Amino acid sequence: MRQLHWKMGLVALLACSLLPLNAQTSKPAKRPNVIVILADDLGCGDTSLYGGWIKTPRIDRMASEGVKFTDFHSNSSVCSPTRIAFLTGRYQQRVGIVDVIVGRRDKDGLEPGQVTISGLMKKAGYRTGLFGKWHCGTDLRHNPTNHGFDEFVGFLTGAGDYHRHRNWMDGTEVKDQKGYSTHIITDRSVDFIRRNKDNPFFLYVSHAAVHNPYQTPADTPENRPKVRQRGRKFARPKYKVMLEELDQGVGKILDTLQALDLDERTLVFFFSDNGCVRMGTNTRPYRGGKFSNYEGGHRVPAVARWPGHIKAGWVSDELTVGMDLLPTVTDIAGVERPDGHELDGLSMKKHLLEQAGIPDRRVFFGYEPKLGTAARFGTWKMLTKKDVIELYDLSRDIKETTNVAAEFPERAARMKAAIEKWKLAVTPK
Numbered sequence: 001m002r003q004l005h006w007k008m009g010l011v012a013l014l015a016c017s018l019l020p021l022n023a024q025t026s027k028p029a030k031r032p033n034v035i036v037i038l039a040d041d042l043g044c045g046d047t048s049l050y051g052g053w054i055k056t057p058r059i060d061r062m063a064s065e066g067v068k069f070t071d072f073h074s075n076s077s078v079c080s081p082t083r084i085a086f087l088t089g090r091y092q093q094r095v096g097i098v099d100v101i102v103g104r105r106d107k108d109g110l111e112p113g114q115v116t117i118s119g120l121m122k123k124a125g126y127r128t129g130l131f132g133k134w135h136c137g138t139d140l141r142h143n144p145t146n147h148g149f150d151e152f153v154g155f156l157t158g159a160g161d162y163h164r165h166r167n168w169m170d171g172t173e174v175k176d177q178k179g180y181s182t183h184i185i186t187d188r189s190v191d192f193i194r195r196n197k198d199n200p201f202f203l204y205v206s207h208a209a210v211h212n213p214y215q216t217p218a219d220t221p222e223n224r225p226k227v228r229q230r231g232r233k234f235a236r237p238k239y240k241v242m243l244e245e246l247d248q249g250v251g252k253i254l255d256t257l258q259a260l261d262l263d264e265r266t267l268v269f270f271f272s273d274n275g276c277v278r279m280g281t282n283t284r285p286y287r288g289g290k291f292s293n294y295e296g297g298h299r300v301p302a303v304a305r306w307p308g309h310i311k312a313g314w315v316s317d318e319l320t321v322g323m324d325l326l327p328t329v330t331d332i333a334g335v336e337r338p339d340g341h342e343l344d345g346l347s348m349k350k351h352l353l354e355q356a357g358i359p360d361r362r363v364f365f366g367y368e369p370k371l372g373t374a375a376r377f378g379t380w381k382m383l384t385k386k387d388v389i390e391l392y393d394l395s396r397d398i399k400e401t402t403n404v405a406a407e408f409p410e411r412a413a414r415m416k417a418a419i420e421k422w423k424l425a426v427t428p429k
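Residue numbers (my numbering): 1 to 429.
Incorrect hints may have been included.
Dumping the calculated BS3-like pairs for lysine-lysine here, alpha-carbon to alpha-carbon at most 25 angstroms [to be verified]: (1) Lys429 - Lys107; (2) Lys370 - Lys385; (3) Lys107 - Lys178.
If you anchor each label on the Cβ, the simulated ranges turn out as follows [stated by the list, open to error]: (4) Asp170 - Arg105: 20 to 28 angstroms; (5) Lys421 - Asp161: 27 to 35 angstroms; (6) Pro285 - Pro428: 34 to 42 angstroms; (7) Gly103 - Thr401: 50 to 58 angstroms; (8) Asp387 - Asp170: 47 to 55 angstroms; (9) Gly51 - Lys429: 44 to 52 angstroms.
Simulated from the structure, these hints should not be mistaken for lab results. These figures come from a predicted structure and were not determined experimentally. All C-beta atoms, glycine included, are put in the ideal place defined by N, C-alpha and C.
Please build the complete structure, drawing on both the sequences and the hints.
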């Protein structure tokens, strides 16, 4: 009997000892890294991915390994408001930013205390970095380090010389940088990835390109013509080189992820802060560009890539917006958001990972009072400015050439009323 009890006890002990061994062999999955690459003033008609005039093989590669968006929009047709919306997941009007923040004389900006994607990721234990353009306020209180970024090297304003960086910041200190802006931003980003390869990270790569001034790596101060050259004739070839340099930077980031075996652990999202500045025919197939509420002002190139998670080579035709990134990223990363904090953006998690549809939605593009307000209700698009009303059916008229407001008076009235209601709802009390 004692021998039987001894054998049973030994079996039980061995069974129990195997449990932790099995548990050790199935380690919990690491949280995904997230990289957001933001281009400046880049239109769909610029990139070869959308049939544009400049070859962008690395951005094209991103799409072939992930998803290309055909109906993705920046929240505004200008810089600052789009960036505010992306960072907060809310309409920029809710934080009082409706226009470009103009240099250091402008005291507006993203105030401390606002819930941001970077702040949430940092709180969840992510290492966070921003390299490049901020343009969400120049006062010290607006500094990226007050919004959840552990590291920041870049500039606070809207644009700057691509070779002179005396106003660049390293954290909260002014610190000159050497080199070409696009190269600095890429190299800093690659270094950040390498240093944090063993930890979950959130990286915001905020390029200056292809915003003016139009300068290539060869256009150092010593090599520039003494007489300033103006016009598209001179800008167009430089613009092309600038985008090619940006595209190479995207490739370096993708290559770094592959070399460090981080491909399947890293979601990369690429988009532009608004539509393009006209360089010949690059606004095609849309009407308008930067500073316009027509499609060309805010329908922008966008790509998401996450090998092993996002199906390679598929195309999304769903209506999506920059402010969708905060709920999407936090959902994918399992990062908690404050209870009761309402977002305007929608999570694209199931859309990206399962190709599920996006619920029917209404999206508003407000740039009051300069440009008025635009709204998308499905394929219907309305633009209003004072007493002027324009209504377009984008399913038949993507170029917005035929105003059909008079043909659909009831629809026009409903959309106009919804716009006015929205304007009241998002205006800070």
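(message) Between the alpha carbons of Lys370 and Lys385, is the straight-line distance 25 angstroms or under?
(response) Holds. Lys370 to Lys385 sits at ~8 angstroms (cutoff 25 angstroms).
(request) For the range 47 to 55 angstroms, tell me whether the beta carbons of Asp387 and Asp170 fit it or not. (result) holds, 50 angstroms
(message) Just to be sure I understand the hint, the distance between the Cβ atoms of Lys421 and Asp161 should be within 27 to 35 angstroms; is that true here?
(response) violated, 44 angstroms
(message) Taking the Cβ atom of Gly103 and the Cβ atom of Thr401, is their distance within the range 50 to 58 angstroms?
(response) Violated, at about 37 angstroms.
(request) Mind checking the alpha carbons of Lys429 and Lys107 for me, to see if they're no more than 25 angstroms apart? (result) Distance ~19 angstroms between Lys429 and Lys107 Cα, so the pair holds.
(message) With the threshold set at 25 angstroms, check whether the alpha-carbon distance from Lys107 to Lys178 stays at or below it.
(response) violated, 29 angstroms
(message) Given the hint of 34 to 42 angstroms, is the C-beta distance from Pro285 to Pro428 inside that range or not?
(response) Since Pro285 and Pro428 have Cβ atoms about 37 angstroms apart, the given range 34 to 42 angstroms holds.
(message) Against the range 44 to 52 angstroms, how does the distance between the Cβ atoms of Gly51 and Lys429 compare: consistent or not?
(response) Roughly 45 angstroms apart at Cβ, these two residues keep to the hinted range, so it holds.
(request) Given the range 20 to 28 angstroms, decide if the beta-carbon distance of Asp170 to Arg105 lies inside it. (result) Holds, at about 23 angstroms.
Checked against the numbered hints listed earlier, the structure breaks hints 3, 5, 7; every other hint is satisfied.
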